[in-house]
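Trainee: For the protein sequence lines, the chains are A and B, in the order given.
As numbered in full-length UniProt numbering, residues 1 to 593 make up the first sequence, in order.
As numbered in full-length UniProt numbering, residues 1 to 234 make up the second sequence, in order.
Because the hints were derived from the structure by calculation, they are not lab data.
It cannot be assumed that every hint is accurate.
As the list claims (entries may be wrong) - Over 10 Å on every C-beta distance to chain B, these chain A residues come out as not near it, computed from the model:
| hint | residue |
| --- | --- |
| 1 | L227 |
| 2 | A322 |
| 3 | A513 |
Stated by the list, open to error - Just so you have them, the derived chain A footprint on chain B, three or more residues with Cβ under 8 Å:
| hint | region |
| --- | --- |
| 4 | 6-12 |
| 5 | 15-28 |
| 6 | 71-79 |
| 7 | 141-155 |
| 8 | 172-184 |
Claimed, not checked - Pairwise CB distance ranges, derived in the manner of DEER restraints:
| hint | chain 1 | residue 1 | chain 2 | residue 2 | range |
| --- | --- | --- | --- | --- | --- |
| 9 | B | G220 | A | I354 | 36 to 46 Å |
| 10 | A | A357 | B | L77 | 50 to 60 Å |
| 11 | B | I10 | A | L374 | 46 to 56 Å |
| 12 | B | D227 | A | G266 | 20 to 30 Å |
| 13 | B | D227 | A | A357 | 48 to 58 Å |
| 14 | B | R21 | A | S51 | 19 to 29 Å |
Bear in mind the structure is a predicted one, so any value in this text is a computation, not a measurement.
No residue lacks a Cβ here, since even glycine has one placed at the ideal position from N, Cα and C.
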Amino acid sequence: MVDVPLGSAGVVTAPDVEDVELYHPHSWVTKYVFSQDAKVIAIQYAFVALSVGLIALVLSWLMRLQLGFPGVFSFIDANAYYQFVTMHGMMMVVYVLTALFLGGFGNYLIPLMVGARDMVFPYVNMLSFWIYFLAVFILVASFFAPGGPTGAGWTLYPPQAITSGTPGGQEWGIILMLVSLMVFIIGFTMGGLNYVVTVLQARARGMTLMRMPLTVWGIFTASFMALLAFPALFVGAVMMLFDRMLGTSFFMPAMVEMGQPLDRNGGSPLLFQHLFWFFGHPEVYIVALPAFGIVSDLISTHARRNIFGYRMMVWALLAIGALSFVVWAHHMYVSGMNPYFGFFFATTTLIIAIPTAIKVYNWILTLWRGDIHLTVPMLFALAFIVTFVNGGLTGLFLGNVVVDVPLSDTMFVVAHFHMVMGVAPILVIFGAIYHWYPKVTGRMLNDGLGKLHFWVTFLGAYAIFFPMHYLGLMGIPRRYHDIGDMAFVPPSAHTLNAFITIVALIVGATQLAFVFNLFWSLRHGREAGGNPWRATTLEWQTPETPPPHGNWGRDVPVVYRWAYDYSVPGADQDFLPQNQPGPTRATTGAGHG
Amino acid sequence: MGSILLFLSILAIIATLWLSRQGIASKPWLEQEAAVVLSDLPVQPADPTTIGLRIFLAVVGSFFALFISAYAMRMQLPDWRALPLPPILWLNTIMLVLSSIALQGAKVAVGHGERVELKASLIAAGISALAFLSGQLVAWQQLSDEGYRLAASPANDFFYVLTGAHGLHLLGGLVALTRTTEMAWRVPVPERLRLSVELCATYWHFLLLLWLLLLSIWLGWAGRFIDICRQLLT
């Protein structure tokens, strides 16, 4: 918005703002099951996504048991191992992180933070969740299908994904996986349209784009990216499904399978890699951008300081979003591509470091001389910054062709992407849950349990993934069921693997403390009041907590300021909510309740 | 991947132009002293469905641009054998053009409040769209009779999948069109009806454009364009 001069025009009170027609539930089923209220849908999304997260956590335990103690657990044969790896990866990336950030936090926070009563298409929003649920159902069903789930690796590269050597390749596994992904994308598109259009069209009066909290900016940009990137996965899935079911040759080259020539002629496996990573790389930022946004708000609130360089933060989000579409082939340096291609993609990859570094500097400068409260959400936010920087730095290694080629397909890559898009976003999700739980339930989460959860998770994640870099540098490959006794593998590597496994078990088990906390605090948590963190953004200014259907009672809020007025000199309190008229306004006697 | 990058570049330009008019360079932290008066605050534009449809079209556009990218990449391989286009596609194209024109007529009619013309145009649009879809099925039949079946060669695979995807999108549009046509009989509120007709018209024009693009690619007219896209990347 351009600078607005002090006008002499009359003040419009809130009821003059056009209101929207709201859907009203009539029964328990329409209120809590097939609900069209974005807040209920958000909780449904979060609950399902966290449940899938627990399944994926157990899968990671199983795979770690095999890696740490090879041969001890006889039920984890090579096939089972690949199935665990594949399902863990796909579940975490798509069905947990994407669904939780966009479906969970997006649904809860967008309408509340922009001052809307609900999403603009509530019915479509409800469909979005149930279609997501169906996608999860299909995915989990593949565990019980003949042959079990697919073991093609989360990247599902053809031709191995649909040939008989791979678990689920010639059985139901891969079909269910592809169908589930397609269903997920259809559901997400419905949700994504809602998130984007709500931000564009349903903001409260005065909520200009540049007054939106960065959380909304992050979720908005990520939703838009997801809308444009997920079709790539959809196209890939359709083509692979045709290859698998109807015998087409989109991706299937002429090949010999188990000694038998296949009736295929000249598909291009590389084509799938391009499509997959055209989705896959933006996906990293689809998960990261909401995390960036949320962390900005957590840091600003809990350090009682306005965000440093708000404008730059917004621009950096947009720049990262745009750039992330032109770096996909850095996942394919070893696919035999033209070296000039590699040069181009290495350059674009390194350019992304610039807006990302701007964000990191701005977070640190926000903290600088702030009144830092080491609350649980703040601890998670700080841990995110450290972890994201660590993961990002190894990204600079892997973004360069010459360094990537020897490190490709080693545990170094596993360590890198777990730090940058596994641990880092999960830390933000935890921080965000501790931060917004009081708004959702009206009660605080238990602080002691929260701190225990934080320290074990944070230190544990480092104990798990730091040594993996070292294993990778030694040349230990990823995706191996059993590395055996190769000459280049010292005994210390086996000890390290066992250590990692034990820590992973401990960290995983500690998540139960978090789950317990979520349920226990529902009844026994300390009463939170409407705004326990003394935050400025609109969701904390609702007349009731938890906010009822329609969010705002009689009047929708009117926004007078940006989202970061903390410690404003001369103000009565150390924060000014977004819907509080400015000091000048206050002296004219006009106000908004 | 030239087509999708070109498509995304166009979207990026539109987004940048739009953002540049949203005060993206403003300094919100300086505004609190200005104590904005409510009447100076911009009122949000009204209708979310129009924006919703435009964004949905961007998603559909991205979907087809990716398919076309894949097609262009696959075409480069030496074993590519293009399939002959059945002449009925020309008739189908005329049907789709007519359908689009009829919906444009419906849009004008609803603007002028002419109920009879509106109903006639909506029905004409529906029938010609159905004719297009039937014609597409006939084209599939003719091709497979001549031996150009699915799974026989990659060019065939792409042809069937792309025409199928386009047809499914039109079929989805027909559901909306049927509901709109029904509204033309029932609903007395002109505003809702006008919006509905406009959305249908926009969607139809988009699908027509998409069809013409696909046709030009199969005819080889877009070959030079694809070459340019490819050179941009290599």
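Trainee: Using Cβ atoms and 10 Å as the threshold, tell me whether A:L227 really stays out of contact range of chain B.
Mentor: violated, 5 Å
Trainee: Falls inside 48 to 58 Å, the C-beta gap from B:D227 to A:A357?
Mentor: violated, 38 Å
Trainee: Three residues minimum, CB to CB under 8 Å: does the region 15-28 of chain B make the cut for coverage by chain A? Let me know.
Mentor: holds (count 8)
Trainee: Are there three or more residues in the region 172-184 of chain B whose C-beta lies within less than 8 Å of some C-beta in chain A?
Mentor: violated (count 0)
Trainee: Given the hint of 46 to 56 Å, is the C-beta distance from B:I10 to A:L374 inside that range or not?
Mentor: Since the Cβ atoms of B:I10 and A:L374 sit about 48 Å apart, the hinted range of 46 to 56 Å holds.
Trainee: Honestly, do B:D227 and A:G266 meet the 20 to 30 Å range at C-beta?
Mentor: Because 21 Å falls inside the window, the suggested range holds.
Trainee: With a cut-off of 8 Å between beta carbons, are at least three residues of the region 6-12 of chain B near chain A?
Mentor: holds (count 3)
Trainee: Say whether it holds or is violated: A:A513 keeps its Cβ farther than 10 Å from all Cβ of chain B.
Mentor: holds, 40 Å
Trainee: At a Cβ distance under 8 Å, does chain A reach at least three residues of the region 141-155 of chain B?
Mentor: Coverage by chain A holds here, the residue count being 4 at a Cβ distance below 8 Å.
Trainee: Given a hint of 36 to 46 Å, does the C-beta separation of B:G220 and A:I354 actually sit inside it?
Mentor: Distance hint for B:G220, A:I354 holds at roughly 42 Å.
Trainee: Taking 8 Å as the Cβ threshold, is the statement that the region 71-79 of chain B is covered by chain A upheld or broken by the three-residue rule?
Mentor: holds (count 4)
Trainee: Minimum Cβ separation between A:A322 and chain B greater than 10 Å?
Mentor: violated, 6 Å
Of the numbered hints stated above, those contradicted by the structure are hints 1, 2, 8, 10, 13 and 14, listed in ascending order.
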